Amino acid sequence: NAGVMQNPRHLVRRRGQEARLRCSPMKGHSHVYWYRQLPEEGLKFMVYLQKENIIDESGMPKERFSAEFPKEGPSILRIQQVVRGDSAAYFCASSPRIGGNYEQYFGPGTRLTVT
Amino acid sequence: DAKTTQPNSMESNEEEPVHLPCNHSTISGTDYIHWYRQLPSQGPEYVIHGLTSNVNNRMASLAIAEDRKSSTLILHRATLRDAAVYYCIQGGNYGQNFVFGPGTRLSVLP
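The listed protein sequences correspond, in order, to chains A and B. For the first sequence, my numbering gives the first residue as -12, with consecutive numbering after it. For the second sequence, my numbering gives the first residue as 32, with consecutive numbering after it.
Bound-form chain A, shown alone (with noise of 0.2 Å):
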């Protein structure tokens, strides 16, 4: 059983581009989180999706960031017009169900670097 995927596991992009972060779940999970860390820091809890609904998105900033986790596919989560700032790496995690008896498995993460 693959565990968690995200790709590209690196990602350079310049100032005002876009930049699309793929995450596939294990196999059987239907709930999705993202979490950003910036350098030296801990985890962000971003954004928390089952299939086709977003749950939670308190720690999305307001602006340029969205996430979808569709029917079919990986979740994305994306990036408009990036700035230095968004330089980070962001994890994804899957679990088969919510509640506090259940762990998170983590995927590699992306690592972007805005130029």
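Please note that a few of the clues may not be correct.
Stated by the list, open to error - In silico lysine-lysine, DSS-like type, Cα no more than 25 Å apart, as pairs:
no., chain 1, residue 1, chain 2, residue 2
1, A, K31, B, K34
2, B, K100, B, K34
3, A, K14, A, K49
4, B, K100, A, K31
5, A, K38, A, K49
6, A, K38, A, K58
Hints were generated in silico from the structure; no laboratory data involved. Keep in mind it's a predicted model, so treat the numbers as computed, not measured.
Please build the complex by placing chain B on the supplied structure of chain A, with the hints as guidance.
Okay, now just chain B, sitting in the frame of chain A:
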């Protein structure tokens, strides 16, 4: 803000046990305690979680205080591969998102 507090760093010698403490004084009756670790340049890795009773798995043991306001992650024999940042997380019943604090950076000396 993280709901847990941990020491910033700890050091251990290889093949010795390591006890990583965590305080979670605001924990509610339905919150689980989760531990994850993050090796350099990798995503967090699940270690263990529990509610009230002590828990054991192949990676570690989790000792939970009777009042549940603190817990200790125990690595029985530290190896060099255990060098990582360890995060203690208070997970709500809905568990939608984990609040990561700065964690404890564990160094393992050969």
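How the hints compare with the structure:
| no. | hint | result |
| --- | --- | --- |
| 1 | A:K31 to B:K34 | holds, 13 Å |
| 2 | B:K100 to B:K34 | holds, 11 Å |
| 3 | A:K14 to A:K49 | violated, 31 Å |
| 4 | B:K100 to A:K31 | holds, 23 Å |
| 5 | A:K38 to A:K49 | holds, 21 Å |
| 6 | A:K38 to A:K58 | holds, 6 Å |
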